[in-house]
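Q: Okay, here's what each chain looks like letter by letter:
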Amino acid sequence: MMIALIRNEMLKLIRRKRLYIVMGILAAIIGIVSYGQYRHLKNLPHRNWRAEIQQRLAGYNNNLRRSPSDAPWARSMRAEIHRLQFYLDHDIDPNQPTSPMFVRGFANAAGFLLLPLLVAVLGSDIVSAEHAEGTDKLLLTRPVRRWKILASKLITLWIFTTITLLVGAILAYLISAPFLTRIGWSAPTFNGFGTGTMNFNPSSVRQLPLWKDALIAYGLEWYALLTVASIALLLSVVFRSSAGAIGTMLASLIAGTILTRLTPDWTSAKYLFVSALPLPDYYTGEPPPYDGMTMIFCILLLGAWALAAITAAFALFTNRDVFG
Amino acid sequence: MESTLLARDLRKVIGPRTIVDGVSLDIPAGEVFGFLGPNGAGKTTTIRMLVGLIKPTSGTVTICGYDLHRDFENAMRQIGCIVETPDLYRFMNGRENLEHFARMLGVGAAEIDRVAALVGLSHRLDQRVGTYSLGMRQRLGIAQALLGRPKLLILDEPANGLDPAGIREIRELLRSLAAEGMSVFVSSHLLAEVQLMCDRVAIIHKGRVLKEGSVDEMLAKDQTLEEMFIEITGGETVD
Numbered sequence: 001m002m003i004a005l006i007r008n009e010m011l012k013l014i015r016r017k018r019l020y021i022v023m024g025i026l027a028a029i030i031g032i033v034s035y036g037q038y039r040h041l042k043n044l045p046h047r048n049w050r051a052e053i054q055q056r057l058a059g060y061n062n063n064l065r066r067s068p069s070d071a072p073w074a075r076s077m078r079a080e081i082h083r084l085q086f087y088l089d090h091d092i093d094p095n096q097p098t099s100p101m102f103v104r105g106f107a108n109a110a111g112f113l114l115l116p117l118l119v120a121v122l123g124s125d126i127v128s129a130e131h132a133e134g135t136d137k138l139l140l141t142r143p144v145r146r147w148k149i150l151a152s153k154l155i156t157l158w159i160f161t162t163i164t165l166l167v168g169a170i171l172a173y174l175i176s177a178p179f180l181t182r183i184g185w186s187a188p189t190f191n192g193f194g195t196g197t198m199n200f201n202p203s204s205v206r207q208l209p210l211w212k213d214a215l216i217a218y219g220l221e222w223y224a225l226l227t228v229a230s231i232a233l234l235l236s237v238v239f240r241s242s243a244g245a246i247g248t249m250l251a252s253l254i255a256g257t258i259l260t261r262l263t264p265d266w267t268s269a270k271y272l273f274v275s276a277l278p279l280p281d282y283y284t285g286e287p288p289p290y291d292g293m294t295m296i297f298c299i300l301l302l303g304a305w306a307l308a309a310i311t312a313a314f315a316l317f318t319n320r321d322v323f324g
Numbered sequence: 001m002e003s004t005l006l007a008r009d010l011r012k013v014i015g016p017r018t019i020v021d022g023v024s025l026d027i028p029a030g031e032v033f034g035f036l037g038p039n040g041a042g043k044t045t046t047i048r049m050l051v052g053l054i055k056p057t058s059g060t061v062t063i064c065g066y067d068l069h070r071d072f073e074n075a076m077r078q079i080g081c082i083v084e085t086p087d088l089y090r091f092m093n094g095r096e097n098l099e100h101f102a103r104m105l106g107v108g109a110a111e112i113d114r115v116a117a118l119v120g121l122s123h124r125l126d127q128r129v130g131t132y133s134l135g136m137r138q139r140l141g142i143a144q145a146l147l148g149r150p151k152l153l154i155l156d157e158p159a160n161g162l163d164p165a166g167i168r169e170i171r172e173l174l175r176s177l178a179a180e181g182m183s184v185f186v187s188s189h190l191l192a193e194v195q196l197m198c199d200r201v202a203i204i205h206k207g208r209v210l211k212e213g214s215v216d217e218m219l220a221k222d223q224t225l226e227e228m229f230i231e232i233t234g235g236e237t238v239d
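Chains as they are written, first to last, in the working numbering: chain A, 1 to 324; chain B, 1 to 239.
FYI, nobody ran anything at the bench for these hints, they're computed from the structure.
Idealized CB from N, CA, C, for every residue including glycine.
Among the hints, erroneous ones may be present.
[Stated by the list, open to error] Where chain B lies over chain A, by a calculated footprint (3+ residues, C-beta under 8 Å): (1) 101-108; (2) 128-138; (3) 263-272; (4) 298-309.
[What the hints assert, rightly or not] For each label pair, taking beta carbons as the anchor points, the in silico distance ranges come out as: (5) B:Gly181 to A:Ala28: 58 to 66 Å; (6) B:Lys55 to A:Thr267: 27 to 35 Å; (7) B:Ala192 to A:Leu307: 52 to 60 Å; (8) B:Gly234 to A:Met10: 48 to 56 Å; (9) B:Ser24 to A:Leu166: 31 to 39 Å; (10) A:Ser241 to B:Gly181: 39 to 47 Å; (11) B:Ile230 to A:Met1: 47 to 55 Å; (12) B:Gln127 to A:Arg320: 52 to 60 Å; (13) A:Ile254 to B:Asp71: 30 to 38 Å; (14) A:Thr318 to B:Asp113: 47 to 55 Å.
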């Protein structure tokens, strides 16, 4: 029975235009960014990356000396200095752009706003559209309990969230491949520059081949997106209109990024789901905006948000009266 | 004999307003039952309680012996319905819509062909529902309601959007289904239509059933249904 319900939901999602809009946006953005990379490469024929990095390091060190050391951005700058120094010491060009690196970078770049937004667009009308079009009167008067209907919608949304992420990765490779070097999946990557503490700790650095590193980043992004999908489901149940659901999701994503920048001393904001959303960034070594946000904390926090959203969505959906 | 639909003392209170105030209905197998009332009388709220879209504040609904609240799946298996407008998925064609609901019931392609033929829609099934006229959507809605051979058909204003020939066709279809033992619950404001189609009617006004009886009985007093309806409701309509 569940399989039949999921089949119905997938069919409806495919037949609506929304999915193609989402895929179109994904392809367009990846296309523009890869073209930008290509232009950038073409204009730098004789790159001396060692000099470039040394220059950046000097700049960072200057800034750091001129400012109070406890400024919130100082922490992230110090981490970046450690990272660049490490690449320099090991004679590895961290910015050598290749297709595999572009794919890997996509998880971080798209992870904090673009992908959550696209998932919100997909999810926001999965329940509300049935209400807006009046079809909920038929859907809910068949011999299927309401929790099963909502479960089939949630699973469908999770499936398409997964597909969106995979398509993003595949498009990032296919679109960038004509412009950039296509090989390099086994290039070494370095992560975990001990950003939790003030002191650089070389022993905490992990060295992984790029493909393994990319898998981990995509796994974390996948988990974060499932949380976004669960919250989108709740918004779709609450608002009964897809504009309200998309608007709220967009507002919270943007508010989250602004909040972490403008009010770094309001530490309770670390319990907001948007603070924990850029999991791939934290994995790569970007310091989280608030102290005490370890990877485990972020994963548990997102899980708690997803669970709460799903519980609320089911409680509301199975008990409420359906009026016209 | 067991009633197909048995509603006992249904009440719905929202805030300070009592929308439905103690409606009881008893429909035996094979009966075509007409549910009449001016706009705002509580018709639609009653129908939504009968099909589980709205939870009654008090009272029970039993369908073929299954309690709607406690045994939702078995109770709903006996019902096919259209509530208010026949809204189907406009971005899919007629067949895909029927397949969608057939999958929820666990019935197959043969059943889809059967119900499409019953409502005379077989030749238009592969067109998108967005291109259908209201009359065609009404037929598709009825076809959807007939999937899985329910024992009770609940139709809200089934004559809406149909031309006189279409109304007649649907009336004959419903009569023939009732002759096979299906119970049909029809709400309507077309009194002449109800007079032609129904065995028994109930008139609801301000949330209460004011009069109930067989169409023959009611007409025996040398009064048309319309005259009686106006007399009972005071000619009042609330839009």
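Q: Does each hint fit the structure? Answer for all of them.
A: Hint check results:
no.: 1; hint: 101-108; in the structure: violated (count 0)
no.: 2; hint: 128-138; in the structure: holds (count 5)
no.: 3; hint: 263-272; in the structure: violated (count 0)
no.: 4; hint: 298-309; in the structure: violated (count 0)
no.: 5; hint: B:Gly181 to A:Ala28: 58 to 66 Å; in the structure: holds (59 Å)
no.: 6; hint: B:Lys55 to A:Thr267: 27 to 35 Å; in the structure: violated (43 Å)
no.: 7; hint: B:Ala192 to A:Leu307: 52 to 60 Å; in the structure: holds (57 Å)
no.: 8; hint: B:Gly234 to A:Met10: 48 to 56 Å; in the structure: holds (53 Å)
no.: 9; hint: B:Ser24 to A:Leu166: 31 to 39 Å; in the structure: violated (56 Å)
no.: 10; hint: A:Ser241 to B:Gly181: 39 to 47 Å; in the structure: holds (43 Å)
no.: 11; hint: B:Ile230 to A:Met1: 47 to 55 Å; in the structure: holds (49 Å)
no.: 12; hint: B:Gln127 to A:Arg320: 52 to 60 Å; in the structure: violated (34 Å)
no.: 13; hint: A:Ile254 to B:Asp71: 30 to 38 Å; in the structure: violated (47 Å)
no.: 14; hint: A:Thr318 to B:Asp113: 47 to 55 Å; in the structure: violated (34 Å)
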